[in-house]
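Spelled out, the chains give:
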Amino acid sequence: MQVTYLVKRLNPERERSPRFEQFSLEVGEYDSVLDGLIKVREELDGSLALRCSCRAAICGSCAMRVNGEPRLMCKTRVRDVAEDGQVKVEPIGNLPVLKDLVVDMGPFWEKVRAVKPWLEPPPEKPEREYLAPNEAMREVVGALACVMCGACVSNCTVWEVDPNFLGPAALAKAHRFVADPRNSDNAERLKQLGEYTGIWDCTHCFYCVQACPKDVAPMERILALRREAIAHGYTNHNGVRHSDSFAQSVKQSGSLNEGRLAVESQGYLNLPALLGLLPVGLRALRAGKMPSPFHHKRPGAAHVKRIFEKVEGPRS
Amino acid sequence: MRAALEAKRRHADVALISKVHPVRSHSVAAQGGINAPLGQSDTWESHAYDTVKGSDYLGDQDAIEALSREAAQAVVDLENMGVAFYRGPDGRLAPRNFGGASTARTYFVGAITGHAILHVMYEQLLRAGVKIYEEWFVTSLVNEGGFTAGLVAQELLTGRFHPIQAKAIILCTGGCGRVYEPSTNALICTGDGMSLAWRAGAPLMDMEMVQYHPTTLPSNGALMTEGARGDGAYLRNALGDRFMSKYAPNKLELASRDVVSRAEQVEIDEGRGVDDGLGAKSCVYLDCTHLPREFILERLGEIYEIARQFANVDITTQPVPVRPGMHYMMGGIKTNVDGRTRVPGLYAAGECACVSVHGGNRLGANSLLDTVIFGRRAGAHAAEFARQVEFRPLSEGAVLDSERRAQEVLGRPANGDSIAKVRMELGQTMHQYAGVWRDGKGLNTALSRIYSLKERYQRAPVQDKGKVFNTNLVFHWELGYMLDNAEAILVSAIHRTESRGAHYRTDCPERDDQSWLKHIVLDYRPGAAPGIQYAPVTITRWKPEKRVY
Amino acid sequence: MKYAWYPGCVSQGGCPELYTSMAKVCSVLGIELEELKGAACTGAGVLTERNPELADTLNARTFAMAEQVGAPLLTNCSTCQGVMSQANAKLQADAKYRARVNGHLAAEGLEYKGTAVVKHLLWALVEDYGLDNFKAKVVRPLAGLKAAPFYGCYILRPTKALGIDETPARRRYLELLIAACGAEPVDYDGKFKCCGFPILTMNEKNSVNMVGTHTLDAKGHGAHCMVTPCPLCHLNLDGYQIKAAGMKGQQINIPILHLPQLLGLALGLSAKELRLNHHIISTQAVTALAKA
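Going down the list, the protein sequences come from chains P, H and G.
Here the first sequence is numbered in our numbering, starting from 1439 and rising by one per residue.
Here the second sequence is numbered in our numbering, starting from 94 and rising by one per residue.
Here the third sequence is numbered in our numbering, starting from 2 and rising by one per residue.
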């Protein structure tokens, strides 16, 4: 079929800001977007810069954005994404562009290096392999299936406002070790990951889950790390208080009490933070949207409490 | 990376230079697993014998013994470093079956074993603090007084050429799959190291031995792991028959790759092929449909995805059309068991090297093993060598030479054939004449075409005239390397007038141990045809016999 | 046309204007709502993160209640929609898991059979009610109003559980409805992004930065207001906009409308009926336009 590729280009030796260039080409039914880009490079413009290698979605070189969505170009069929015969290709986001579709992966790897990206096995070596349940290995394989392509980082909404955030790929990598029964330093890892730039900074936007071409679901792994952190006793965090307060509220009444949530997340002893809530609270009060301090129970709240106790156990 | 790690562990000052980021290297695509005689009833001798037999007796048995003796420890080491191999109910490593093996000894991580190992290697490099120059492209190796002095590399980001002085260099540059079109290999597999070493005075060996993998997708040449057949998948022809019973009555689908690929090609040539989706009956079926869906998704998830993406087939419910496709280079830079080449200080390991453990045909899951065993040995020996010698001066002229070549290429008029065109013709020529079937006439035709392509290459222009990330210029360098590789493959294949392993000559279909139980070794000769020599095959305990699967 | 209405916690807490406007708009459109008064919170992702089975059980309970009503569930919150869609996908795909969850519900005499359909008002209007039928009810076209859609993460991703893989147009419904009201939808980068609400208590700086980035983005593209189907987005974009303006050092002042408020204006309801005066950022710019 005949398609038009709209390719975002930047030649840093000649121009300051990127421009879109149009290419018309013929692609086959099963051709990937990458096949088309290679065709452009080989037949229409040899100066088009992009990274690609394996063509089989395993080397992780060719993450780009097609019609706005970050994907591996070799794993994306043209016919699945072409809109009115048009395919818009841009470099992945949140990383500096070096040339055309090639980005500087430096900040990406910097984050990976920051999570101590190797297994720390126990000091006493076994005679042969470490014993480990296959289910645990399969869980680990789910995380290590990551090909480090950067698609998850591309549209990360936290990275966008705070480049210090470790980001989905590095945190998924961290989970790969924490989930590994052979790893011996989970406590230290979880402590570090619980600090600013770590697991509690993720905003649940699902962009990384959607973007990941290998179904690693980085966000789910970040949430798993939060559970692990709590299980390791790292509970002095607004994220934990927020979760506890939320659960208590729903458990007691069937619904959420936002007023109490805001206060309890800071901790009753955290005076500066509580004072910080005041202006927002007062504005809400003036607008008549301050949640009532007298939170009413929903009908059937007793059953909700019973479900909590049955499923969650005595914890909350 | 295994070589760099070993050298670093032995306190050498190590840097790793790669034209791509290390985790993009093509080992990442190895799917099925890595062999090791770890099972209770398994022995290194059994693994070695299978490897010798798989090689069609062309493998050097001293090297194969080293491979098999060290395999168990190498796989355990990988596990200890973090590779998440699949386990059995007892929590111990659990193997799967693989082609050409007399017992299950292939340890695996789903269908991403290479990926799992490669990433762990990278982790260990970070841990050890090895300096990495990523996206640096090597344009020449430099000798001084017959010794390795260093190399010249182009930094892709800036286009600058840099001299790097080194007492020892270990080439771990992979195969040259892109010399063929199609190929299962990544676009980066352009035989750089083989050509660089060859031109630097290290000979190439067994270059005629090119493996065609039996199960590749017709649409883009993607690989469907041998692990599928190891886990029970069948091959069927258009009549629905499991045709392998005719060719390998004992091992059936799990005969060695050369045997299975030829069997498939016979079925296809004799009209029992199935539709490839491109209008020809050039395939057979790989049939997993009798295997439980859950089992497939757990152990073969990667190829489930690949088939869905590139063939539109759900392998849990439909058979997928596959055909033999160029996959692996048994030949390469001639080394001994420590990775040493003829040039002092120059080492090679992995697919670019020829020790030779694979001989005429490599067994599945022996390639990852080859990389870690001989990578480690080369790293150890190179570190020791570097301790004993002094740096050699690296002349300014070497850098100037690369710069001058780049200038010449960038300055060419735009009217020559494009690099892409020359490369495509090269690939198609090799596939047509130096594939599963070969004969003297075809091989000679191919060789004369390669020489004419070499001439056209000298005039091929580069469109991108810039400095930053000029991939166009990289393709130019690569094509030069590929043409060298192609020439070596064809010269060796023409010379070997017998059929052995993956090298099948329809004009001389029998194995001829009398004349050809020896390696063909090629020397590079500037401006002339390669010099041909022989090397004996080392035989320690397994005498050649007829090969039946 | 009848729905089992799930108003969610926020419309009964921090955003009472949403509850009111939702009820009024449905009434004008002739959509019958049976409110599920006993349904619990969806968990808003927080409970799923804490304990997936717990959250799925609470949602299965709501689905069972909707099955008893015999009508599809109607939500007015992107987050409720997302959490319920994901829980429903899981419960529908895995009968074993559903049976296990039903085990927790048995004491209340409830059982989820797996038939629930969960639709946000946004989807229900386009897919069930019909845009043309809606347009026929518009009495006060909002000509001249430029409205920036802000969807909320949970109604966009993951696309599989939300049915967006089958119905990609769900990513354009807000624009369609804005246009159906006679207003002009504004295209800008932020429409599919995160409002920052989930990390408000963990990293207020980043959260408020998101508010500032997206509100300024919308404003920069000429929007008079933003429209969201998610009350949590509203809480952050409205409630923290003043703080965001301080952080960014720029005036922002862009009103954040709940989807039913925009619809209600076009349907002829008054600003007061839609409780447009109950916002932190004044909605006068919009109500003035609607009067003209």
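Hints are computed from structural coordinates only; laboratory data are not their basis.
Careful: at least some of the hints might be erroneous.
[Claimed, not checked] Just a sample of chain H residues kept apart from chain P, beta carbon distances all over 10 angstroms, derived:
| id | residue |
| --- | --- |
| 1 | Val113 |
| 2 | Arg185 |
| 3 | Gly238 |
| 4 | Asp324 |
| 5 | Gln481 |
| 6 | Asn537 |
[What the hints assert, rightly or not] Quick list of in silico lysine-lysine cross-link-like pairs, DSS-like style, CA-CA up to 27 angstroms:
| id | chain 1 | residue 1 | chain 2 | residue 2 |
| --- | --- | --- | --- | --- |
| 7 | G | Lys273 | G | Lys249 |
| 8 | P | Lys1748 | G | Lys138 |
| 9 | G | Lys147 | P | Lys1735 |
The C-beta atom is built at its ideal place from N, Cα and C for all residues, glycine as well.
Checking the smallest CB distance to chain P, is Asn537/H really beyond 10 angstroms? holds (29 angstroms)
Practice prompt. Just double-check Val113/H for me: nearest Cβ-Cβ distance to chain P has to come out over 10 angstroms.
Written response: Violated, because the least Cβ-Cβ distance between Val113/H and chain P comes to about 6 angstroms, which does not exceed 10 angstroms.
- request: Beyond 10 angstroms from every chain P Cβ: check whether that's true for Gln481/H.
  value: holds (31 angstroms)
Would the hint linking Lys1748/P and Lys138/G be met if the CA-CA limit is 27 angstroms? violated (48 angstroms)
Please verify that the nearest CB of chain P lies beyond 10 angstroms from Gly238/H's CB. holds (37 angstroms)
Next on the checklist: With the threshold set at 27 angstroms, check whether the alpha-carbon distance from Lys147/G to Lys1735/P stays at or below it.
Outcome noted: This hinted pair is violated, its Cα atoms lying about 40 angstroms apart.
Are the Cα positions of Lys273/G and Lys249/G separated by 27 angstroms at most?
violated (32 angstroms)
Q) Holds or violated: is the Cβ of Arg185/H farther than 10 angstroms from all Cβ atoms of chain P? A) Arg185/H is in fact no farther than 10 angstroms from some Cβ atom of chain P, at 6 angstroms.
- Does Asp324/H really sit off the interface, with its C-beta more than 10 angstroms from all C-beta atoms of chain P? holds (15 angstroms)
Hint check: violations occur at hints 1, 2, 7, 8 and 9; the rest are consistent with the structure.
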